[in-house]
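Enquirer: What follows is each chain in one-letter form.
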Amino acid sequence: MVRALYSISAALAFASNVFLVSLLFLPNTTPVNAHLWPKPVYECHGHRTIQLAKDFRFLLPQDSHPRLVSGAARFRNRILKSNFFSPVPMDPALVALEDRSQVDDIKLESIKIEVDKNTSDDELGPETDESYRLLIATDEDAKAPFDIDDIQCHQMSNNPFPRGVRGIIRAKSLYGALHGMETFSQLVTKNPETGTKEIVRAPIIIHDRPLFSHRGLMLDTSRNYISMAAIYRTIDAMSMNKFNVFHWHIADSQSFPIALDDQPSSSTSFSQGGNSKDEIDDELPLSQLASKGAYASDMTYKKKDIANIVDYAMSRGIRVIPEVDMPGHAWSWSRAFPEITTCLDGYPSYSRFSAEPPSGQLNPVVPKTYKVVQGVYDQILPLYKDKYFHAGADEVNINCWNNTESIIEYMKTNDIARTDAGFDRILNEFVSKQHDMLRQQGRTPIVWEEPLLNHELKTLKQNKDTVIQVWTSAQNIKNTVKKGYKVIAGSADYWYLDCGFGDWLGNWTQGRSWCDPYKSWQKVYSFNPIMGLTEKEAKNVLGGEALLWSEQVDDTNLDVKLWPRAAAVAEVLWSGNSDDSATQLWNGPDQTLDSLRSIEALDRINEQRFRMVSQHISAEPLQPLWCVQHPGHCLWPIYDAKPEGQPY
Amino acid sequence: MDPAASPSGISSSSSASSSSATRATSRQHIYGAEKHSDESGETGNIKNRKIKSSSNGYVASYWSRYWKHYIAGGTVLVALIVLIVLLILKPWNKYPMAPLHNDAVKALPDEQPIWPIPNSFSYGVDSVLIDPDFHITVQSTATGAPLAAGSYPILEKAIARCMDRLQLKRNTTISLWAPDLESNSHTVPSGPTLSELVILVENAQATLEYGMIESYSLDVTTKQKIVGANTFKEYDQGLDKRGPGVGEDQVEQERVQQDGSVVGHAVLKATTQWGVIHGLETFSQLVRATPESAESTGAIAAPSLTQKTDNPLDIPNTPWSIQDEPRYSHRGILLDTSRNYFPVKDIIRTLEAMSVVKMNVFHWHVLDQQSYPLVSKTFPELSAKGAERPDLVYTHEDVAAIIQYGEERGIRVLPEFDAPGHTASWGRAFPNITVCVDKQPHAQYAAEPPAGQLDPLEPFTYTVLDGLVKEWAAQFPDSQVHMGGDEVSLNCWRSSERLKDYIRHPSHRKDYEKALPPTVTPLSSSQASSPSKSDLLMRRTGSGSQSGEDRLLEVYLDRAVAMFLEQDKRPIVWEELALEHNVKLPDSAIVQVWKSASNAKRVIKQGRPVILSSAEFWYLDCGHGSWLIGSQGQSWCGYSSWQRVYSYRLTDQLNAEQQKMVYGGEVCMWSEQTSSSNLDSSLWPRAAAAAEVLWSGTQDDQGQNRPLLHAAKRLAVVRDRLVQMGIAAAPLFPSWCGKHPEACLA
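Quick mapping for you: the protein sequence lines, in order, are chains U and X.
Position one of the first sequence corresponds to residue -18 (this note's numbering), numbered consecutively onward.
Position one of the second sequence corresponds to residue -18 (this note's numbering), numbered consecutively onward.
Hints listed in this document are in silico derivations from the structure and should not be mistaken for laboratory results.
It cannot be assumed that every hint is accurate.
The calculated lysine-lysine pairs, modelled on BS3-like cross-linking and capped at a C-alpha distance of 25 Å, are [what the hints assert, rightly or not]:
1) X:Lys366 to U:Lys273
2) U:Lys273 to U:Lys283
3) U:Lys283 to X:Lys694
4) X:Lys641 to U:Lys171
5) U:Lys283 to U:Lys171
6) U:Lys464 to U:Lys439
7) U:Lys393 to U:Lys368
8) X:Lys641 to U:Lys273
9) X:Lys641 to X:Lys582
10) U:Lys463 to U:Lys442
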């Protein structure tokens, strides 16, 4: 099955690429567009087409970090091999201005990469400075004004290229340089007529930095298994859109795909297991979590796989934050350790105990629970270095615990009332122990919003550095930052990419997905994570995440569900969704539809979609190709401003 | 992270229906604005859109004027009336749920989830092993002698495909959904061996056409039926008496070889090669692969899904006896290749998938307003200028390859030449045969951009059309052709001075019509003798006087219909021509219903047969958001889950006589937001759900509703089957549910 899925995705990618290559044939000689996605914070262009030298190369500083070296090689390879050019025609007004007289003479031989050694972090982290500047200009211009922050476009745009052209990417960190190279790769386009690689609208200055430091994509690999190949492909696609966090929702109720090693006896490093009596450090058969809880032996992630993903992602400027969801969403643990789980009711009563089948939660009063959790953390945490670990804690079902004898007994013994507050105390015990394990290993926990907003856990009040991931509504973003917590924003109303595909449960023929309807890219693009916040509050929003839960997703449709809609999230988080985003977003205006730049963005995201397809990512089409080829002709009627009879 | 999954999944049916009622209203509303723009001739334009969209405002003002009356006089009364109306109409009962369980419906064994489910079947408790030397032979029903080599090319290919499928089962994975996956209790099957499948076919060269005989019967047993000489004849006499075990003179005995061992025996009988093709598909689905057990391979407990093995094959639960025939003769998929272009291999792959679920019509919506990708030898300019790019076209060779590929699988390729609306792309080559091309704002002149329609008063229109119809008729062998006719924008025509003059001034019409070719092309004598020519009888679809606009539409239709009839093509049209215009249509015309499911009855009442593909159930492109930018709106039609696709009752509210007028149905894949990258996952496995409705019906032969639980388990396997064949069908639910269907399908 998995192999079949592989071959399909490979075939699809190959097919779409062949298709695209054949697509790259335009009858006329107009210059070819090169839109950027996500849009840089600041860019200015001249009107001159230059050529990319056939032996173009990136010039790296001496002793460059291996990630920079491999990144430069990767981008060079992509730029030189790619046959991509945009199916979106260039604006006729710009075509008229474009000067192609020097296209055969002026060749860009190289881009010099300059990375600020002093501030450069080798390891990517939440504090990493990802800004970069990209300059493609005459020798003189390249020297003079590049360091000036508020450089004006007109200072450069009229200069011809008397003696050639220079390219520079200057960044504070190697990860900023990688973003700069991504931007540069999008500027290079193949001219279908001559077959050469060109850069239109030079000279070019770009000053760019992200609005948010946490620009994530969450992928659930538990509901359905996602192959390693598909994850690698997803990371490639993320880097094309300057995402920097891969939130890997790796285990959930349906399956536990992490293949861990058994823990030999008496190596338990943790002994806070509740009111433990006589704990024997038995061998913990942690390998059974996957061998019994995964879908199949080859539908697992080995530790080496995870380490490889982490390394692969880091090389592309992407941090990996794994999530092993608990104490809810834990049926899959019960295959190996039935004694640490409770309310494993399947049909028909799962709905009493969980949001979806199968129900099953960790039992917080069983000491062994903590040994197993510790054992899992002991093996997963060394696989990656990020400051954060996602501790889950969403949708904990209190009714489940209220029906578990051992928990009721424990509450009686400890004189805890069986009220909401009492169960919050139980949850608090679990969460605080769990978070202690993470903190002991230097990790800051991220939790979903419920432990704070629904349960108001004491441990969160004591540890205000805990990051809260909001997933329900924009209002809860405000509620959370008001309490002084840092927030990762998301919203099921906007950024849940799995919605709108019917109810996968049941015989309800009218059934809709719970978060119906489907989020169109326009809807995705319209979400502003800091809308309605004060400037001070907004500073506590670290960023946001596009989320894809996999009840109805696996390798066959992963790409089409993610892309290009996740790219819309990426742009909102990188440079905002309105033209004055850099200022407006921070001021948190209430945006109307008109102030969004989705109309302007359409051409660029259409182009980005085709660019991704050319890189073997099966992004779905947003419009008929006719609309892509005829900008401004497929607008919602109130925007139909194109005068009658005007040729396009 | 699905907090509301359970609330929504289990909320009461009344709240369900009220929310769906709201949805329906809003859908109607958007629909009215976008798709239905020319219903009254005026309603497409922005002004009218505003009137429509401000209906809430209308209600509000009404309310503000009369609220005192309500409050004072009859709030309670109004509430009661609403309640009573709701109770009488029971909108929530309109499409009753398919039952989850229904023990009265006979289930297939879990390991043989045949899809679509056969009409009638029985099975036992034995099994036969597929011999490594297993082979398939073809005999004539009449003589019992093997058919002459080369006399059944289509069957030869079907047999080769069947053998490939068995090989695939030998070599590749077990199904992820196999219910016994966890137990590891596989035992290597044993039993008598089956070394031959005998095909008995009456006519291996039947024509591929609407109404072709597709029935078959399949028996797999270790017993041998000693049948009376008359049995086959009896079988020949018609479908009604078809089936084994009918003769009283039969005795059964085990087939025993000379060495005393019992051997299996399999017979597939069919009238035509089309029935055989379906029977072979069923046969391959009866065969089970049994991978070596996990213990014996030393794997860890969970079984591997990627291991290449040489799995033993067997057919469990013998003796099998299956008698099968389709409920409907027209079982199709519509694919739009104009909004976005699909390479030929995408179409080929779709045909392959269709054959797995016994669909038999590929409705090729090849032309539309966005592009003209069909190469014409008569008028090469059309695709040269009208295609998205000169290379994104279908050549004559491409078309022939697609038709042949379909024929080898018993699939008719039914082309649609949508006109006179949706024809902006024709105007790229011949601007003078179209009007209002690219006119803005597009919403006033077409359902979607770009606007543009054929000019019915331009003589050259008919020169082009006549040339094309002749070329198409030669290119596409099917005896039916879809001539479109949907979403004609009368407002577009009104934007032309000449057409407006024709519409407004009846006295001027004769002059305009004089310049056009005659309405009915004289028939040659041979054609006149053909019985189908009695269908030339034309009837108006409406009664009463005809508007100038409809008259103009009829000017076009009269001539276009005549051209197709002259080529012996039976026309299919979209429902608007029958229900929204008052125009002449031939009695033979088949009407395809795409709007409300209830429109089927309205068409049938006109005495016309229907093909059903209501957007409420079978538009598989829906629910993907508006693709027009500047809107955060939803698409005009909602997403149909597989459960909803499966619940389309084609004959709902029809009496027995009316039910006969339902020729079948189609799922539709319009391609505004579909291309190579997401075609498979958008179509499959939901199209398979429709395939079972069309082949097996929503009820079994005892009138029992087929339960969703049976369907879910089998459909999950269909999905696996398609994936293994290289079709990227989407998952229905978490893999976990495949092993625990009862838990997920509550």
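Enquirer: If a hint holds in the structure, say so; if it doesn't, say that too.
Expert: Hint by hint, here is what the structure shows:
Taking the CA atoms of X:Lys366 and U:Lys273, the gap is near 60 Å; set against the 25 Å cutoff, the hint is violated. A C-alpha spacing of about 15 Å is found between U:Lys273 and U:Lys283, which places the hinted pair at or below 25 Å, so the restraint holds. Restraint check: the Cα-Cα separation between U:Lys283 and X:Lys694 comes to about 30 Å, which exceeds 25 Å; the hinted pair is violated. Taking the CA atoms of X:Lys641 and U:Lys171, the gap is about 59 Å. The hint is violated against a cut of 25 Å.
About 41 Å separates the Cα atoms of U:Lys283 and U:Lys171, which puts this hinted pair outside 25 Å; it is violated. Taking the CA atoms of U:Lys464 and U:Lys439, the gap is near 13 Å; set against the 25 Å cutoff, the hint holds. Taken as a hint, the U:Lys393 and U:Lys368 pair is broken in the structure, with Cα atoms around 38 Å apart against an allowance of 25 Å. Taking the CA atoms of X:Lys641 and U:Lys273, the gap is about 53 Å. The hint is violated against a cut of 25 Å.
This hinted pair checks out: X:Lys641 and X:Lys582 have alpha carbons roughly 12 Å apart, not beyond 25 Å. Between the alpha carbons of U:Lys463 and U:Lys442 the distance comes to roughly 13 Å, so the proposed pair stays at or under 25 Å and holds.
Violated hints, listed in ascending order, are 1, 3, 4, 5, 7 and 8; each of the other numbered hints is respected by the structure.
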